[in-house]
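> Sequence:
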Amino acid sequence: EVGYGITDSWDEIVETLQGAPVSTDMELGGYVREFKTRVRQDTEIKELQAADRRRQTVISELLRIVHRRSTEISELRTALQG
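Counting from 193, one number per residue, gives the positions in the sequence shown under this note's numbering.
No wet-lab data here; the hints were simulated from the structure.
Since the model is a prediction, treat every value here as computed from it, not as a measurement.
There are no misleading hints in this set.
Pairwise CB distance ranges (calculated):
hint: 1; residue 1: V258; residue 2: G221; range: 49 to 59 Å
hint: 2; residue 1: T235; residue 2: S215; range: 19 to 29 Å
hint: 3; residue 1: A271; residue 2: Q233; range: 52 to 62 Å
hint: 4; residue 1: Q248; residue 2: L272; range: 34 to 44 Å
hint: 5; residue 1: R230; residue 2: R269; range: 51 to 61 Å
Think of the CB as a built atom: it goes at the ideal place given N, C-alpha and C, for glycine as much as any other residue.
Given only the sequences and the hints, what does the whole structure look like? Please build it.
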């Protein structure tokens with residue numbers, strides 16, 4: 193008890209930390225590799241999603257062109273038959 197209702201818990205913290213497992217360089221290296229892998233995968237996913245959106249835009253434009261041409265062909269057939 194330090195005073196004013198404040199408890200000195202430094203000794204408790206030290207005791208807790210002394211029982212805690214120590215991270216080795218090998219463990220930390222594993223965590224870093226896992227983190228790098230996840231970042232790389234997230235980046236790759238975002239790039240693939242962006243490429244998909246670009247392809248979808250191109251496909252939509254091509255479908256509009258095909259529809260327009262199909263309509264023109266139908267109109268020309270009707271004009272030739274009439």
